[in-house]
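Peer 1: The lines below spell out each chain.
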Amino acid sequence: MVFTRNKSYVYVLLTALLVVLFVISLVYGSVSIPLGEVWNILTGQDAERAAWGHILLQSRLPQSCTAILAGAALAGSGLLLQTLFKNPLAGPSILGITDGANLGVAAVMLYFGGSFGQMTGLAINAYLTIVLAAFVGASAVLGVIIFFSTKVKSNVILLIIGIMVGYLVSSVISILNYYASADKVHAFVMWGLGNFSGVSREQLPYFALFSLSGLFIALLLIKPLNALLLGEMYAANLGVKIKRTRFLILFCTGLLAASVTAFCGPISFIGLAVPHIARLMLGSSNHNSLLPVTLIAGSCVALLCTILMVVPGSNTILPLNAVTPLLGAPVIIYVLLNRKSIQYFN
Amino acid sequence: MFETRQAVIETKELGIGYTLKGGKQKLVHGGLNLRLYAGEVTCLLGLNGAGKSTLLRTLCGFQKALAGEIYLQGKRLDLFSSLDFSLAVGVVLTEKTNAGGITAYELVSFGRHPYTGFFGRLREEDHRVIQEALESAGIAHKAHNRVAELSDGEKQKVMIAKALAQQCPIILLDEPTAFLDVTSRIETMVLLRKLAVEQNKAILLSTHDMDMAIQMGDCFWLLDKERSVKCGIPEDLILNGTFGSFFEKDGILFDPTTGKLNVEVPTDCIGVEGDFITSYWVGNALLRNGYRPADVHKDRIHVVCNSPADLRINYPSGQEETAKTVFEVIQLIKTKDK
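Taken in sequence, the protein lines are chains A and B.
Each residue of the first sequence is one higher than the one before, counting from 1 in my numbering.
Each residue of the second sequence is one higher than the one before, counting from 1 in my numbering.
If we strip away everything but chain A, and leave its shape as in the complex, we get:
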């Protein structure tokens, strides 16, 4: 590990990377916009071509901002779950929480009318409904997982139960799909591929509101999260109110995973892999630095994914969930292969 002790190094590096990726994500896409033009448009001057201004302001800028927020939210919820369950392989998608949110969204989209696309122009109520449905779904699955976590001691078994719950929920979604009309199913399937560009400029403030509140709660939990590294009994002895803390962590995880899922679709691997990337970079699992670094790294990875979605030299855009495993899976495999020598595993 290169950056073992000097932690400020990591912050500087990641922030620089975030800025670079942000700029690239604005410049690069199925249509390239020159850097100078991007600057002109952002500073309110006229662009060489009018279409560029539209693409940048209506599509790329919201997409990049969404990616930054969603990446941080997913990575943050992954870290919270990994610390709470004392399990480095926990994550919102692995434990079926994303599936739960998915189910909530499916219920709303397939039965109560349309996706966000069809809801444009509607008030915050519509977003609130979908986010709330996603949150209820995510919380329901979280509740089931918590129930089982008190019954089974083994982390591996808990993970497998999470995966099974995910399958169960998916099967319910399939049944919902089966009875829904074709156009709604199509909209739902497209949404299910995951997409940071589904959030329009008008929707962005709502997404920001939900995800930033989740991230804010997460930052307030740093101290009890650290105590939980020692286990629940030690934490209780350090004055942590275990039940309340557990509830807050799960509420926060649910809110983060649900808001991302509601707005961007179910996105795999970012929540699972990014906390590991952050720990490896920092060489520490102290949440004082780990949580902020995880959030920034999550934003970077999400931006990188949006950049990689664009197939070079063509107009093709890959689905987001085709790209996230390409970045995430190798990290997890690396971590598992080296678990004996990686300190935070021991």
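Treat the hints with care, as some may be off.
[Said to hold, decoys possible] A few chain B residues that face chain A, going by a derived Cβ cut-off under 8 Å, partial list only:
hint, residue
1, E95
2, G101
3, F110
Think of the hints as simulated: they come from the structure by calculation, not from any bench.
From the three backbone atoms N, C-alpha and C, an ideal C-beta is built for every residue, glycine too.
Guided by the hints, dock chain B onto chain A, whose structure is given.
Peer 2: Then chain B, alone, in the frame of chain A:
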């Protein structure tokens, strides 16, 4: 003299045990009247299933008492807020931690949580306490190593340092020497004694390590499923036979002369005399091989130990054989016996 002892934990008719499904209560022990004193190391001894962990967990506040009351420094345990409790009692547990990725210093700094603010920011005072705790626990030289890089004994010291950083008058430890090698076990116990004596801490630990407890414990609490708890200093409990009675089972006896549990002492006597150390170890070998070392008597075999390399076996017939090692002595006696 006894009035100078200051009880920091006192239980009155305490009942400990579990609440089973359906609200039924399973009482493991009832009517416990225990006192834990400041400046002393108290050892909680008993066979598995005797209720050691249940008692410790109840005193740690992790488990509810089924009856009676616990007083910490004169105040009832159930009146403590979780914060107040964390200022009164520090614990060292066998719970598996996930702390491999933080440094020893950071782990000990978590002991300051009850004192720090919302974000756990450490002030100068906190850093001073952490440094002192690390030094008292003899682990300051590893402060900036990650926990995963430490040996089991060092990890235990870090956990004790964490409890010290909590600055509480009482430290409760669940089997602190269980997974340690022999030198770490001694170091840990010496450290705990030092903390009791120098910092006037009240220390209660559960252990299976009888030798160490007899050597280092100021006070014993003996636990057994069937009987009431017995308290006292180790010597009194050993001399009046209480200690032995708690551990003796079929074929296992407590030998008050050595302070060890032993297999049932055989009845086949062989006299041993001579040099003290040599005869002690010849006796040890005889015991293991089914003979009982005893006084010299003309009707039985006896071994004269002149030096470790000069051992003579005298038979009642008047015959004498010499041996150069204890091994030879045992071989000769065994062949003769057959």
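Peer 1: Next step is simple, just say for each hint if it's right about the structure.
Peer 2: Checked hints:
no.	hint	verdict
1	E95	holds, 4 Å
2	G101	holds, 3 Å
3	F110	holds, 6 Å
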